[in-house]
Each structure stands twice: as structure tokens, then as C-alpha cells.
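> Listed below are the residues making up each chain.
There are 4 protein chains.
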Amino acid sequence: MDKPIGETVSAPPRTAVAGVSGFAGGELARLLLNHPRLQGETPVFFGRAGEAEVGASTYLHDLHPQLATAGNMPSNPVLPFSWDRIADTGIEVLFLATPHEQSREWAPEAIERGIKVIDLSGAWRLQETRNRDVYRLKDTDPTAAAALQSEAVYGCPELHRDAIRKARLVANPGCYATSIILGLAPLLQAGLVDLEYGIICDAKSGVSGAGKAATAKTHFMYAADNLSAYAVFGHRHTGELLEQLHLEINQIQFTPHLLPIPRGILSTIYLRFKQTMAPAGVSALIGKFYQDSPMVRLHSTPHLPQIQHIVRTNFCDLGFELGPDGKRLVMVSCLDNLLKGAAGQAVQNMNLMCGWNEQEGLL
Amino acid sequence: MDKPIGETVSAPPRTAVAGVSGFAGGELARLLLNHPRLQGETPVFFGRAGEAEVGASTYLHDLHPQLATAGNMPSNPVLPFSWDRIADTGIEVLFLATPHEQSREWAPEAIERGIKVIDLSGAWRLQETRNRDVYRLKDTDPTAAAALQSEAVYGCPELHRDAIRKARLVANPGCYATSIILGLAPLLQAGLVDLEYGIICDAKSGVSGAGKAATAKTHFMYAADNLSAYAVFGHRHTGELLEQLHLEINQIQFTPHLLPIPRGILSTIYLRFKQTMAPAGVSALIGKFYQDSPMVRLHSTPHLPQIQHIVRTNFCDLGFELGPDGKRLVMVSCLDNLLKGAAGQAVQNMNLMCGWNEQEGLL
Amino acid sequence: MDKPIGETVSAPPRTAVAGVSGFAGGELARLLLNHPRLQGETPVFFGRAGEAEVGASTYLHDLHPQLATAGNMPSNPVLPFSWDRIADTGIEVLFLATPHEQSREWAPEAIERGIKVIDLSGAWRLQETRNRDVYRLKDTDPTAAAALQSEAVYGCPELHRDAIRKARLVANPGCYATSIILGLAPLLQAGLVDLEYGIICDAKSGVSGAGKAATAKTHFMYAADNLSAYAVFGHRHTGELLEQLHLEINQIQFTPHLLPIPRGILSTIYLRFKQTMAPAGVSALIGKFYQDSPMVRLHSTPHLPQIQHIVRTNFCDLGFELGPDGKRLVMVSCLDNLLKGAAGQAVQNMNLMCGWNEQEGLL
Amino acid sequence: MDKPIGETVSAPPRTAVAGVSGFAGGELARLLLNHPRLQGETPVFFGRAGEAEVGASTYLHDLHPQLATAGNMPSNPVLPFSWDRIADTGIEVLFLATPHEQSREWAPEAIERGIKVIDLSGAWRLQETRNRDVYRLKDTDPTAAAALQSEAVYGCPELHRDAIRKARLVANPGCYATSIILGLAPLLQAGLVDLEYGIICDAKSGVSGAGKAATAKTHFMYAADNLSAYAVFGHRHTGELLEQLHLEINQIQFTPHLLPIPRGILSTIYLRFKQTMAPAGVSALIGKFYQDSPMVRLHSTPHLPQIQHIVRTNFCDLGFELGPDGKRLVMVSCLDNLLKGAAGQAVQNMNLMCGWNEQEGLL
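Chains as they are written, first to last, in the numbering used here: chain A, 3 to 365; chain B, 3 to 365; chain C, 3 to 365; chain D, 3 to 365.
Because the hints were derived from the structure by calculation, they are not lab data.
Watch out, some of these pointers could steer you wrong.
Because identical chains share one entry, a pair is satisfied inside a single copy or across any pair of copies.
Straight-line Cα separation of at most 20 Å, SDA-like style, residue types lysine to any residue; simulated pairs [as the list claims (entries may be wrong)]:
| no. | residue 1 | residue 2 |
| --- | --- | --- |
| 1 | K276 | L197 |
| 2 | K168 | T44 |
| 3 | K219 | P14 |
| 4 | K290 | L194 |
| 5 | K214 | G57 |
Nothing here was measured: the structure is a model prediction, and the numbers come from that model.
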């Protein structure tokens with residue numbers, strides 16, 4: 003039985019977004035408002051806890067002016083987060099576009115109330131031990147949190163489609179992690195990669211990945227006409243790579259860079275095969291792996307993906323070049339950090355949880 | 003009777019785009035492929051006459067990689083333009099995203115064959131006399147061309163909605179012209195503007211407005227981190243302003259600038275009212291003018307539109323500030339030059355010509 | 003006697019910059035460190051009062067990494083501001099790159115101590131009455147402040163070269179104001195402009211003009227790929243235009259816009275001549291006005307200045323087009339807001355105050 | 003004897019630039035015009051052979067408007083290239099900023115005439131055998147060309163300072179190659195790098211590196227808001243890496259990317275040490291290697307270089323992070339592709355060839 007949720011949610015289901023004020027929240031609002039399955043049932047939009055900019059009469063277009071409707075009618079109110087409101091409106095699917103700490107606190111409460119949760123933060127992505135190391139979250143009920151953690155499904159449809167369909171809590175993957183995992187999974191699962199040499203992931207992301215807070219690093223004068231590496235040997239998404247790709251820490255190295263563009267990630271991934279390969283063989287293997295995954299596009303050699311091709315889409319584009327030795331591979335993986343790397347993937351997960359085609363509302 | 007076409011085209015109608023290789027052509031392809039009324043009837047895509055990059059086995063994603071489908075399936079062929087192909091496929095609506103000269107030649111032939119035409123070039127926008135001055139087009143049959151010219155409807159739905167519904171040939175407006183006309187029409191029609199002082203339109207456009215040809219001016223090193231004025235006192239869109247706004251050449255002045263961004267136009271328009279006005283009065287007048295025009299959004303003072311708010315939408319956003327004297331007005335008008343300034347407006351016109359809601363496929 | 007300072011300062015003179023942490027401060031440091039007349043006498047660099055990032059062992063390259071010397075030797079300390087330190091090092095010329103309030107407080111004290119001051123803030127640019135309206139500064143000794151205000155020289159060398167040479171306090175002009183004043187002064191002084199019609203100044207500036215503070219408006223995601231008008235009818239630099247160009251408030255209108263580039267201003271200025279002019283006559287008049295002003299470059303028609311031409315130079319570039327009626331003029335004026343609009347002009351003023359060629363260290 | 007040229011060139015020496023119309027040529031013109039040792043002896047500027055834009059009355063500011071002098075005086079003519087002119091003006095040092103083919107033809111002729119040559123193309127960088135493979139140049143006298151090739155000095159002052167001082171022909175290094183060589187040379191020369199694992203160089207460059215020709219890839223709409231990898235496993239600069247770093251083809255892998263910025267290169271270099279190292283040891287080793295090389299700046303851990311820090315300077319900035327295992331190293335190397343990667347390094351080489359301080363005119 004593939005669609006347990008398809009039977010339990012109403013049609014259209016009642017959805018809500020908590021943390022709609024951030025960049026991912028804004029994209030999520032846009033996708034849900036235009037989603038063909040949600041017509042007639044406008045999502046409920048909440049801010050984050052204690053957020054100053056969400057007050058008594060805040061509307062979606064105050065936070066995201068591009069989402070204004072004709073005549074700027076104040077049609078989509080944004081409310082301070084409230085469980086009462088969630089209960090009153092009978093929310094069935096709750097998206098959390100909130101900081102780790104809030105997601106860690108709110109997700110159990112929502113599950114308790116019988117609401118399906120798709121969390122866009124890092125709070126539920128990692129196995130319990132690593133999670134405590136990486137995010138240092140403080141749970142009021144650690145035992146219950148650990149239990150929920152073990153139940154949470156990592157929301158990468160290309161790897162865990164069936165589990166997502168049945169999940170109560172989906173941990174939506176990190177943006178960098180999605181781009182790297184989708185580039186590597188087919189090759190690693192086939193056992194082709196020589197892990198002695200290690201895998202190098204040189205990843206570059208647009209500034210929206212750094213969030214909406216005005217900081218020294220998100221200042222236009224810092225980010226524009228610039229490129230900088232950061233968090234070398236220490237980015238939080240590394241944990242997702244290790245767990246989802248079944249690797250040890252010394253087998254993969256991931257260096258993020260800040261690109262002077264609004265959105266998009268390009269990861270250049272370097273590895274060696276154990277045996278000599280031909281390009282057609284690599285293509286066939288990847289193509290087969292993703293044959294039922296419509297949101298992954300494999301470029302035919304020698305075409306490589308570029309950020310422009312995937313910005314404002316939910317696609318992850320892959321392409322590669324094989325070295326003249328038939329062993330060294332350069333894989334390029336691109337996606338939009340706010341869509342396939344956040345809000346788009348969250349909607350893809352909702353589609354699966356509701357028993358719909360996973361592309362609905364994403365083309 | 004409002005919808006003559008609604009009765010004469012099939013459902014879904016058969017559409018074609020000639021000149022799909024350019025920026026506007028690519029946006030048009032994207033909009034038509036996703037248009038809810040065209041599902042099940044894929045548009046036919048043509049290149050321009052004599053275009054080298056469109057060959058025997060060219061696909062849409064070769065020209066616009068972002069439009070690739072899952073697995074990069076070669077699903078949308080692009081063909082060399084051919085009347086035989088148009089006849090064979092029974093095209094009912096033809097979009098011309100071609101240079102002036104080709105549009106001038108092809109539109110009469112298409113009309114002759116009973117096909118509705120929406121032309122995105124400047125070939126049919128101006129009255130005959132001015133047209134000969136501005137575009138210097140050579141017609142093989144000048145009398146027939148002049149007759150067709152007099153029948154062509156300027157495709158600004160906010161001004162000519164009813165005529166567009168009945169038109170055989172719609173001349174889709176220029177991008178700069180659309181932004182300025184929509185900003186000025188309500189005030190000029192109300193007779194409020196003191197034309198003694200003249201109207202100044204300082205307009206700024208992203209680089210896509212300069213087209214896909216690689217030239218010294220579209221080189222990244224010329225356009226990036228730069229701003230430049232051009233065609234001062236001499237831009238071709240001036241003619242559209244004069245005709246649509248019923249102005250004399252010395253009553254309006256329009257200076258375009260090249261912005262270091264991919265897309266978007268912001269026009270800052272300066273004028274004086276004949277009499278003292280209050281902001282609420284100006285808002286009310288504009289609001290009334292566009293009350294049935296869902297693609298125009300009026301910002302409430304003191305909010306002004308920005309390019310970011312309208313990029314990748316079909317909206318034209320308006321906002322204004324009135325001087326302390328109650329007479330001097332600064333109007334800001336923004337739109338996406340490839341959408342409301344080109345492909346989006348073309349689809350809006352198609353919607354009207356087919357008897358549909360003008361917003362279909364544009365939200 | 004033209005060079006009172008040339009005789010009273012030592013060679014090389016002892017200089018200091020207060021507020022070196024901002025963008026203009028950084029440019030000032032760069033110019034002074036490379037200034038041929040200051041070799042052997044490194045300037046003293048101070049932060050602003052109460053500035054957290056300037057501590058006990060702060061060096062210039064901590065604030066402006068591009069100014070690091072070979073091997074990143076910690077050669078240029080930045081100190082918390084201190085009058086004792088100024089006295090101990092015998093500072094003769096003090097640059098204030100500080101907020102209005104600090105400049106208003108520190109300039110009188112410095113003058114009192116016999117130090118020449120070049121203030122880059124707005125604190126001393128306007129005549130007393132207007133100043134109180136615009137900047138609302140609170141003086142502990144209003145009478146003394148008003149007296150010093152009346153003595154301050156507006157630091158536009160092209161208009162006030164002789165007075166600057168003799169000044170004790172130079173108020174360095176605003177960036178927008180410089181671009182507009184230099185574009186208009188020759189035409190207004192010649193009495194050619196028809197002020198009935200008013201002058202429209204549509205000005206566009208890069209983001210560095212908004213300062214180093216991280217705010218919602220300096221966030222990369224706000225500024226990039228965008229354009230926005232702001233402070234319509236209300237920008238502080240308007241006062242400088244009125245005073246320096248001897249205009250009334252209803253005779254000139256100035257609208258600033260935020261460009262998605264790091265630096266550079268382009269002002270497009272619209273006016274009408276009282277009489278019919280020929281382009282050569284306009285060129286001759288401007289050329290004569292600036293014949294002894296090496297930092298102004300006049301483009302020959304039909305070439306217009308662009309931001310790229312002046313970025314990282316101290317030039318103000320001018321160019322114009324005259325309408326077919328011989329009366330309507332579009333003047334384009336470009337400069338680098340951090341150089342000719344701030345630090346470069348400040349050094350140009352120092353050069354004059356020290357009796358040197360005004361271009362020293364600026365080419 | 004260190005300065006053979008210092009004795010043979012006049013003071014100031016007579017210099018010329020062939021190919022001044024390109025980006026590197028423009029930067030070279032700027033540097034030479036402001037060079038303190040060349041005051042009073044303006045360089046002679048030539049176009050390339052057969053270049054349409056260089057005609058009878060072309061001036062430097064026609065090609066590079068930012069280099070206009072006050073009043074736009076036509077002070078720096080640009081001439082069609084001519085050996086007669088070179089003879090007439092007694093040129094002693096000739097910079098070739100010309101395509102490979104022209105440099106290959108002109109350099110021998112200049113050397114024959116007793117002129118020192120600094121060639122910015124790839125024509126003379128590689129040993130003869132590899133050169134024939136990579137650049138496929140056709141020499142009219144292959145034996146003479148091979149002889150000259152063996153005499154040419156690779157113009158990396160940090161590696162070949164003494165040889166450059168005595169050279170008749172300096173082959174100025176490639177921009178990518180300079181950034182990678184300077185990052186790796188100290189570690190490789192110390193024998194610390196485990197070459198079994200191979201070295202990965204993920205390099206990113208601004209668009210000026212692609213040259214001034216208007217092509218599909220230099221179009222603003224291609225380059226802006228984008229990132230793309232290219233020439234994977236096949237970039238011409240690879241040969242320089244192999245020769246200068248004494249590596250085999252399977253020991254180093256170099257992938258260039260096109261950044262959406264005008265200028266600057268950042269190379270992220272991944273390697274493993276043979277033995278466990280401490281950060282201080284790595285720093286000390288690099289610091290010692292460059293102790294007499296003022297144009298290399300080493301950042302102290304954990305600071306990493308960024309493109310902004312080096313743009314418009316002749317510095318190459320280095321910084322690194324060492325993995326927790328003490329073996330895996332991420333080295334970041336940044337430079338301005340038009341300066342340290344081209345024109346600036348060429349002037350640095352001229353300084354050495356003339357017996358001057360290598361930093362002259364470069365700070």
C-alpha cells in the first residue's frame with residue numbers, strides 16, 4: 003500500500019507554513035499558493051516565534067512584495083505562530099521553515115496533534131548521536147526526541163521515496179547535501195568509487211543560502227564581485243553526506259564557497275573509479291538510477307550543467323567528464339538552493355506524502 | 003459579442019512560435035508549454051529564417067537548456083520556419099518573435115492563411131507614416147501592408163482589451179513603451195498633466211532587452227558593474243508613446259539606460275499636474291483606471307515598486323510620490339521586459355483573443 | 003598669497019584619519035599611504051568613538067584586508083580615537099570620516115588645537131539655518147558652532163579652489179551633490195537655463211554609498227539584480243544643490259536610485275535652455291569653465307560617460323546630448339562615490355590646502 | 003652580476019605595447035603610463051596585426067575610455083603595428099599582448115633587433131615538444147624557434163627571479179597557472195606532498211579572462227548570475243603546471259570555472275601531505291619560501307584569501323586550512339587575472355629585467 007496519507011488527508015488538505023518570512027518560506031508560500039492540488043484551500047502562514055516583523059496586520063506581500071496580488075489586495079495574512087490557530091483551522095500538513103531550535107521544539111508537538119510535518123531545518127536530519135554533536139539542541143524530553151528522531155525520514159525522494167510516502171516527520175535535506183548526494187549516490191551504490199583516494203566536493207552557493215539576516219557577510223559590498231571559501235573541514239551538512247552516502251569522515255571532503263549571485267548551487271565533485279570506465283557506462287548507470295526520478299536531469303557528455311539552467315526550477319542537473327585514464331571523474335551537480343535545496347523539495351515531499359505525482363506544482 | 007475567437011479556434015488551439023531561439027522566444031516557449039489551456043497540444047517551435055543554429059535535429063533544450071525535461075528527453079523539436087509545416091499542423095495562432103523585417107513579411111501571409119498573429123517585433127506597432135520613418139521596412143505590396151497596418155491592434159490589454167479580443171493581428175508593445183504607457187495613461191486620460199512642462203521618462207533596462215546577439219555592448223565586461231545612457235532623444239519606442247498617449251514629440255522625453263542586471267525595467271517618470279492634487283486622489287484615479295486589469299499592481303504610498311518585485315512575473319507595478327507642492331509627481335513603473343514587456347504580454351493577448359481569462363498561465 | 007598652508011605645514015605634513023573603518027575611510031587610507039608627498043610620514047589611523055571593532059591591537063588590514071602589505075605585516079595600527087594621541091603625534095591635517103554627530107563635535111576641537119580639518123560628513127556643508135533643519139545636530143556651544151559653520155568652505159575645488167587653499171575647515175561635498183553640481187554649474191553660471199521648467203536630476207548610485215552597516219537594504223539579496231528609487235523629494239544632498247547652485251527648492255528635483263553595483267554614480271540631468279543652442283557652443287562653454295580643473299573630463303558628443311569609465315578614479319566625467327529643438331538638454335555626469343564623491347575629493351582638497359598640485363596622488 | 007639590462011637600457015627605457023586593445027593591454031598601458039621609472043618617456047602603443055579598430059587616428063581613450071586624460075586630450079595615439087615605427091622610436095622593451103600566433107612570429111624578429119621581449123601569450127611558455135602539442139603553432143623557421151624557445155624564461159619572479167633579470171625573452175605565465183603554481187611550489191619543493199593521491203585544483207575566474215571578443219560565452223546573459231565549469235581535463239594552462247611544478251599528468255587535475263564577476267581568480271587546491279603536519283609548520287615553510295617575494299601575501303590561519311582582497315592589486319594571496327588528520331590540506335590562492343595573472347606580472351618582470359625593485363609601479 004503506497005499512499006497511506008492519500009487516504010487520511012482531506013482534498014485539498016489544510017496546510018500551514020511556520021517561518022514564512024525567510025527566503026525558503028517565501029518560496030514555499032509561492033509554490034503552495036500556485037499548487038494545483040491546493041486550489042480552494044489557502045495555506046495558513048505563520049512567522050517565527052518572537053519575530054518582530056510579524057504583527058497584528060502583516061500580509062504576505064509585506065514580507066515578500068513580489069507575491070502581491072493584483073491591486074495589492076491584503077489577501078494572505080501572516081500570523082504570529084499559535085497552536086490554537088493550528089487547531090482551529092484543522093491543519094493537516096505543517097511546514098517548518100524555522101531555525102533548528104524551533105523545529106526541534108515544534109515538530110514533536112505537531113506530531114502529537116496528528117499533523118504531518120515537513121521540517122526544512124537541520125533539526126531532524128541526522129542520527130541521534132551525530133545530531134547532538136552537530137546541532138547541540140536541548141530537548142526537554144530527550145527520550146521522546148530520540149524516538150522521534152529515529153522515525154524521521156530524510157526527505158530525499160530519489161533515495162527514500164517509499165519511506166517518505168508513509169512518514170509522519172520528514173527532515174528536508176540541506177541544500178549543499180542534496181546537490182552532492184544526488185551526484186554521488188548512483189556511483190557509490192554501484193560500489194564503483196575507490197574510497198582510498200577520497201572524494202572531493204568543491205561546492206559553491208548563492209547568497210540566499212546565508213539567510214535573510216543582515217550580517218557582515220551578507221552585505222552587498224562583501225558578497226558582490228567576490229568569491230570566498232568558508233567552513234573548510236567544518237560545514238554542518240557534512241553529517242548528511244556521511245549518513246546518506248555511508249561514508250567515513252576521511253573518505254569525503256566538502257568545501258563550500260559563497261558565490262556573488264542570489265541563488266543556485268554548483269558542486270564540482272572529484273573521485274576515482276576502482277576500475278576503468280567508459281562514459282557511456284557511467285551515463286547508463288546514472289540514467290538507470292534516476293529513471294523514475296523526474297526531478298533529476300542528466301546531461302549528455304560533453305554538456306555540463308550550469309547554475310542558470312536550474313535556477314527557479316526544482317531540478318537537480320547532473321553532468322560529468324571522465325578523465326583520459328577512464329578512472330578520474332569530475333561530476334558537476336547543480337540545483338536551486340531555495341527550491342530543490344529547500345522549498346521545492348519540501349513540496350515534492352508533500353506530494354509524496356499526499357499520494358500525488360511528485361512533480362505536481364513544481365514545473 | 004466579446005469572444006469571436008473563442009468560437010473559432012479549437013480547444014486547445016494549435017499554436018506556433020517563430021523565432022523561438024531568442025530570449026523572448028524562450029520565455030514564450032516556457033509559458034506556452036505550461037499554459038493550462040494548451041495541455042495536450044504542444045506548440046510548434048520554429049527558428050528564424052536562415053538561422054544557423056536551428057538545424058535538422060535541434061531541440062528546445064539545445065537553445066534554452068533550462069527548459070530541458072526530465073532525463074533531457076528530446077521532446078520539443080525546433081524546426082526551420084516553413085509555411086508547409088504550418089499548414090500541415092493546422093496552426094491557428096502564430097507568435098512572431100522575429101526581427102522587424104521577417105515579421106513584416108510573414109504576418110500578411112499568415113493572416114492570408116486565416117491564422118491569428120501576435121507579433122512581438124516593432125513591425126506593426128506604429129501608424130503607417132511613422133512606421134515608415136522609424137523602421138524603414140520595405141514591403142513588396144505597400145498597399146496591402148498599409149491596409150493590414152491600419153487593422154493591427156496595439157496589444158496593450160489595459161488600453162485596448164476589446165479590440166484585442168477581436169483582432170487578427172496584434173502588435174505586441176515594446177518593453178519600455180509598456181512601462182511608460184501604463185504609468186502615464188490614467189493621468190493623461192484624466193487630463194491632469196500640465197503638458198507645458200513636458201514629461202521626462204528616465205528608464206532603465208536589464209541586458210536581455212538588448213537581445214541575444216553577442217556584441218560589444220552585451221559583453222559581460224561592458225555591461226557588468228556599469229550603467230550607461232543610450233539612444234538619447236532617439237529610441238524607437240518613442241513613437242509608441244506618442245501614439246498611445248496622444249502626445250507631441252516635444253511633450254515627452256524618454257532616455258533609456260542599460261542596467262547591469264539580466265532582466266527588468268524601472269521607469270522613473272516626472273511630470274507636473276495642472277492643479278494641486280492629494281496622494282489619495284492620485285491613488286484613487288489610478289486604482290479606478292486599472293480596476294479590471296489584474297496584471298497592474300498599484301503600491302500604496304510611500305511604497306515604491308522595485309525591479310525585484312516584478313522579475314519573472316507578468317505584473318506591471320506602479321507607485322508614486324507627490325511633491326510637497328501637490329503638483330510635481332514622480333511615478334515609478336516596473337515590469338519584466340521579457341514578460342509583461344514581451345512574452346507574457348503576448349500570452350495575455352492570446353488569452354483575450356481566445357476568450358479566456360487574461361491571467362491564464364501567467365501566475 | 004595663495005598657499006598659506008604650504009608654508010605652515012611641515013614637509014611631509016602629519017596627517018590622521020578618524021573613522022578609517024568605513025568605506026570612505028578605507029579609500030582615504032589607501033590614497034594617503036600611496037601619496038607621493040606623504041612618503042616617510044605614515045598617517046595615523048583612528049576608528050570612530052565607541053567602535054567595537056577597533057581595539058588594542060587592530061591593524062588596517064583587519065578592517066580592509068585588501069590593504070595588507072607583503073607578508074601581512076601588521077604595519078598600520080588603527081587606534082581608538084584620542085586627542086592625546088593627536089597631540090602627541092603633532093597631527094597637522096585631520097580627516098574626519100565619521101558620522102555627522104562626531105564630526106560636528108570633533109571639528110571645533112581640532113580647529114581650536116590649530117589642526118586643519120577636512121570633514122567627509124554632512125555636518126558642515128550647509129549654511130546654518132538649513133543645517134539645523136536637515137541634520138538636527140545638537141551643539142554644546144551653538145554660537146561657536148555657527149561661527150565655525152560660516153567659516154567652513156564647501157570642498158568643491160572646481161567652484162571654490164582659492165577659498166579651499168586658505169581654509170581651516172573644509173566640508174567635503176556629498177557624492178550625489180558633487181555629480182550634479184559639476185554637471186550644472188557651468189550652464190547655470192552662464193545664465194542659460196530656463197528655471198521655469200525646473201531641472202530634473204535622476205541619479206543612480208552603487209551600494210557603497212549606503213555605508214558599511216549591515217541593514218535590510220544593504221543585504222545582497224535586496225540590492226542585487228534590483229533597482230529602487232528612494233528618498234524621493236527628501237534626500238539630504240538637496241540642500242547642497244540649492245546652496246551651491248543658487249536655486250530655489252521648486253527649481254530642481256533630485257531622485258536617487260540604488261544600483262546593484264559596488265560603486266559609482268551616474269546622474270542624468272534634464273533641463274531646458276532659454277535660447278536655442280548648438281552642441282559646439284555648449285561644449286565650448288563647459289570646456290572653458292573646467293579648463294583649469296584637471297579632474298573633470300568632458301566627453302565629445304555623441305559619447306556619453308559611463309560608470310565603468312570613472313570607477314576607481316577621481317575624475318568626474320561629463321557628456322551631453324542636445325535635443326533637436328536646440329533647447330532640451332540631457333547631461334550625464336559620472337563619478338566614483340568613494341573617490342571624487344568622498345575620499346578622492348578630500349585628498350584633492352588636502353593637496354590645495356598644502357599648496358600642491360591638486361592631482362597629486364590621484365592618478 | 004645581477005642586472006645586465008640595467009646597464010643596457012636607457013633611463014628611462016623606451017617601451018612599447020603591441021596589442022594594447024585587449025583587457026591585459028589596457029591594464030599594461032595604465033601601469034606603464036603611471037610607472038615612476040618611465041616618467042618622461044611615454045610608451046608607444048600598437049594594435050594587433052590586421053585589427054580593424056586601430057586606424058589612422060585612434061587614441062588610447064578610444065579603446066579604453068577609463069584611461070582618458072583631463073579634457074580627454076588625444077594624448078596617447080595607438081598605431082597599427084609596424085617594425086619601422088619600432089626602429090624609429092628606438093624601442094628597447096616590447097610587451098606583446100597579442101594572440102599566440104602573432105607572439106610566435108614577432109618575438110624572434112624583436113630579439114633579432116636587440117629588443118627585450120615580454121610576451122603575455124602562451125606562445126613561449128612551454129618546452130618545445132609540449133608546445134607543439136598544445137598550441138600547434140606554425141613556425142617559418144622551426145629550428146630558430148626551438149632555439150629561442152629553449153632560451154625563453156618562464157616569467158614567474160617567485161620561481162625564476164635571477165633568470166628573468168638576464169632574459170631576452172620572458173614568457174609571462176598564464177593567469178590560472180600563476181595562482182596554482184604559487185600555491186603549490188613551496189609544498190612541492192619541500193617534498194611534502196603525497197603524489198599518490200593526486201592534487202585537485204578547482205579554479206574559478208572572472209570573465210575578463212575570456213578576452214574581449216564578443217561571443218556566446220562572454221554575453222552578459224550567459225555569464226551573469228551563473229557559474230559553469232569548462233575545459234575539464236583539457237585546459238591549456240595544465241602544461242605550465244606540469245613543467246613548473248615537475249609533475250606528471252596523472253598527479254594534478256585542474257578544472258576551471260567561469261565566475262559572474264569581471265576579474266579575479268580563486269583556486270581551491272586539495273592535497274595530502276606524506277606526513278602529519280601542524281598549521282604553524284606549514285605557515286613557516288610557505289613564509290620562508292616567499293620571504294623575498296613582496297607580491298605574495300600569506301594569510302594567517304584561519305583567515306582565507308578572497309577575490310575582493312586582491313582585485314586591482316598585483317598581489318597573490320595565499321591561505322590554507324589543515325584537516326583534523328594533519329594531512330589533508332585545502333590551500334586557497336587568489337590573484338587578479340589581469341594584474342598578477344597578466345599585465346602586473348609583466349611589469350614585475352620588466353622591473354627585474356631593468357634592474358629595479360620588482361614592486362615599482364605596482365603598489
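> All hints, please: hold or fail.
These are the hints, each one checked on the structure:
For a Cα distance limit of 20 Å, the shortest separation of K276 from L197 qualifies both inside one copy, at 8 Å, and across copies, at 18 Å. For the identical chains of this complex, K168 and T44 are neighbours neither inside a copy (24 Å) nor across copies (36 Å), given an alpha-carbon limit of 20 Å. For the identical chains of this complex, K219 and P14 are neighbours neither inside a copy (41 Å) nor across copies (38 Å), given an alpha-carbon limit of 20 Å. Taking the closest pair of Cα atoms, K290 and L194 come within 20 Å of each other only inside a single copy of the chain (15 Å); across copies the shortest separation is 42 Å, beyond that limit.
For a Cα distance limit of 20 Å, the shortest separation of K214 from G57 inside one copy, 18 Å, qualifies, whereas the shortest one across copies, 29 Å, does not.
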